[in-house]
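Novice: Sequence:
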Amino acid sequence: DYDEVFAPVARIKAIRILLAYASFMGFTVYQMDVKSAFLYGTIDEEVYVMQPPGFQDPTFPAKVYKVEKAMYGLHQAPRAWYGTLSKYLLKNGFQRDTIDQTLFIRRQIEDFILVQVYMDDINFGLSNPQLCREFEALMHEKFQMSAMGELNFFLGL
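Numbering (UniProt numbering), first residue to last: 1 to 157.
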């Protein structure tokens, strides 16, 4: 739906709660960044763009282009990206929290991983350091990511 543009974004309070819980439980919290995140989103509507100034085809100056993927500046892009990411996490055994739509949880026997999504930044806390490598590998299967290591700094905290 063209008018459906809301995408859940983790609030600073939710991130603080995740960090406090992780500290209480003795978890290590890591951070990853998705490169060009919005380009992974797909849009259902037909969207066309005009040729930008300086890049017009002189033979067809009025030509328009159909947008196939979400892109930065397109108002559906954040929702499309969130949809792609959440489907991938759910398909891989994560459960979305019922209260905070940006929090995903996966339990594995005695271990579990908490994943907090903040646009193209992903913070994740886990009980077992081995899960870090597994989660990073899982994310690299689908997305280009920058693994930023342990979370030492987060803007706004």
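Incorrect hints may appear among the rest.
[Stated by the list, open to error] Listed next, with one range per pair, are the computed distances between beta-carbon atoms:
| hint | residue 1 | residue 2 | range |
| --- | --- | --- | --- |
| 1 | L90 | T28 | 40 to 48 Å |
| 2 | Y72 | R11 | 40 to 48 Å |
| 3 | Q51 | K91 | 35 to 43 Å |
| 4 | Y72 | E46 | 16 to 24 Å |
| 5 | Q108 | P58 | 16 to 24 Å |
| 6 | F112 | D33 | 21 to 29 Å |
| 7 | M119 | E150 | 14 to 22 Å |
| 8 | P129 | R96 | 18 to 26 Å |
| 9 | E150 | V64 | 17 to 25 Å |
[Said to hold, decoys possible] Below, computed lysine to aspartate or glutamate pairings styled on EDC-like, alpha-carbon distance capped at 16 Å:
| hint | residue 1 | residue 2 |
| --- | --- | --- |
| 10 | K87 | D97 |
| 11 | K35 | D121 |
| 12 | K91 | E45 |
| 13 | K66 | D44 |
| 14 | K35 | E136 |
| 15 | K35 | E134 |
| 16 | K66 | E46 |
| 17 | K13 | E141 |
| 18 | K87 | E141 |
| 19 | K66 | E45 |
| 20 | K69 | D33 |
| 21 | K35 | D100 |
| 22 | K69 | E45 |
| 23 | K142 | E46 |
| 24 | K69 | D100 |
| 25 | K142 | E110 |
None of these hints come from the bench; they were simulated from the model.
Don't be surprised by glycine CBs; every beta carbon is placed ideally from N, CA and C.
Novice: Would you mind marking each hint as holding or not holding in the structure?
Specialist: We went through each hint and held it up to the structure:
no., hint, result
1, L90 / T28: 40 to 48 Å, "violated, 24 Å"
2, Y72 / R11: 40 to 48 Å, "violated, 23 Å"
3, Q51 / K91: 35 to 43 Å, "holds, 38 Å"
4, Y72 / E46: 16 to 24 Å, "holds, 19 Å"
5, Q108 / P58: 16 to 24 Å, "violated, 59 Å"
6, F112 / D33: 21 to 29 Å, "holds, 23 Å"
7, M119 / E150: 14 to 22 Å, "holds, 20 Å"
8, P129 / R96: 18 to 26 Å, "holds, 24 Å"
9, E150 / V64: 17 to 25 Å, "violated, 47 Å"
10, K87 / D97, "holds, 14 Å"
11, K35 / D121, "holds, 9 Å"
12, K91 / E45, "violated, 24 Å"
13, K66 / D44, "holds, 12 Å"
14, K35 / E136, "holds, 14 Å"
15, K35 / E134, "violated, 19 Å"
16, K66 / E46, "holds, 7 Å"
17, K13 / E141, "violated, 31 Å"
18, K87 / E141, "holds, 14 Å"
19, K66 / E45, "holds, 10 Å"
20, K69 / D33, "violated, 20 Å"
21, K35 / D100, "violated, 24 Å"
22, K69 / E45, "holds, 10 Å"
23, K142 / E46, "violated, 25 Å"
24, K69 / D100, "violated, 27 Å"
25, K142 / E110, "violated, 27 Å"
This entry does not satisfy hints 1, 2, 5, 9, 12, 15, 17, 20, 21, 23, 24, 25, going by the numbered hints stated previously.
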